[in-house]
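J.: Listed below, chain by chain, are the residues.
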Amino acid sequence: AQSVAQPEDQVNVAEGNPLTVKCTYSVSGNPYLFWYVQYPNRGLQFLLKYITGDNLVKGSYGFEAEFNKSQTSFHLKKPSALVSDSALYFCAVRDNIPGGFKTIFGAGTRLFVKA
Amino acid sequence: DTGVSQDPRHKITKRGQNVTFRCDPISEHNRLYWYRQTLGQGPEFLTYFQNEAQLEKSRLLSDRFSAERPKGSFSTLEIQRTEQGDSAMYLCASSPNPAGTGGGNGYTFGSGTRLTVV
Numbered sequence: 001a002q003s004v005a006q007p008e009d010q011v012n013v014a015e016g017n018p019l020t021v022k023c024t025y026s027v028s029g030n031p032y033l034f035w036y037v038q039y040p041n042r043g044l045q046f047l048l049k050y051i052t053g054d055n056l057v058k059g060s061y062g063f064e065a066e067f068n069k070s071q072t073s074f075h076l077k078k079p080s081a082l083v084s085d086s087a088l089y090f091c092a093v094r095d096n097i098p099g100g101f102k103t104i105f106g107a108g109t110r111l112f113v114k115a
Numbered sequence: 001d002t003g004v005s006q007d008p009r010h011k012i013t014k015r016g017q018n019v020t021f022r023c024d025p026i027s028e029h030n031r032l033y034w035y036r037q038t039l040g041q042g043p044e045f046l047t048y049f050q051n052e053a054q055l056e057k058s059r060l061l062s063d064r065f066s067a068e069r070p071k072g073s074f075s076t077l078e079i080q081r082t083e084q085g086d087s088a089m090y091l092c093a094s095s096p097n098p099a100g101t102g103g104g105n106g107y108t109f110g111s112g113t114r115l116t117v118v
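Protein chains in written order, with this note's numbering: chain A, 1 to 115; chain B, 1 to 118.
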């Protein structure tokens, strides 16, 4: 069964500093991996995905994520945080197998960027 | 196309009443998903449609829950005999068929319907 873990409920970082939001996953096949962001009173927005190829994938708003197969991790990163990045971030995984269509979401990590 | 639309945005109902929510996906997306999100948690999968076919229903859904997508376009989610534990944000999402796009598409989510059962 698929599962995804976000070990940190909250991440605090100062504006201008690099940020990392952690995610580990478990799937039976090769994974499709995703990050979504949820701003207050707004819907979930797709940020980026890993399907295959380069382990470092780039997404919206300057975010990137690094896929590490041996550690089954897909951490979200940004070189320089902005106050406007403060939001709830969800890691998600889907099995890359025939019939695999269900995306499972982590519990979320709240990112707080302080000016 | 302005994205995934959900109606209503908010619904307050008395325990025991039936409620129905509607989702209009992006028109060219043939996959449609329903999720439920409670405060401080990630979205939980409820059910999934490919065109008009409901291909999976989560064990989270009791017999009081039913979803339809009769013409492969909009979808409805009905909750019968609502309970206070049904209070949550109900999210709809859609995605294109991956076969034509190389696989692994992200979802486009609607803004959700917030249900409060009193």
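It is worth saying that the hints were derived from the structure and are not from the lab.
Please note that the accuracy of each hint is not assured.
DSBU-like, lysine-lysine: derived pairs with alpha carbons at most 30 Å apart [said to hold, decoys possible]: (1) B:Lys71 - A:Lys114; (2) A:Lys77 - A:Lys49; (3) A:Lys49 - B:Lys57; (4) A:Lys102 - A:Lys49; (5) B:Lys71 - A:Lys58; (6) B:Lys57 - A:Lys102.
Partial chain B-side listing against chain A, Cβ under 7 Å, derived [said to hold, decoys possible]: (7) Phe45; (8) Asn51; (9) Ala53; (10) Phe74; (11) Phe109; (12) Gly110; (13) Ser111.
Computed from a predicted model, the values in this text were never measured in an experiment.
All residues carry an ideal CB built from backbone N, CA and C; glycine is no exception.
J.: Determine which of the earlier numbered hints do not hold for this structure and return their numbers in increasing order.
T.: 1, 5, 8, 9 and 10
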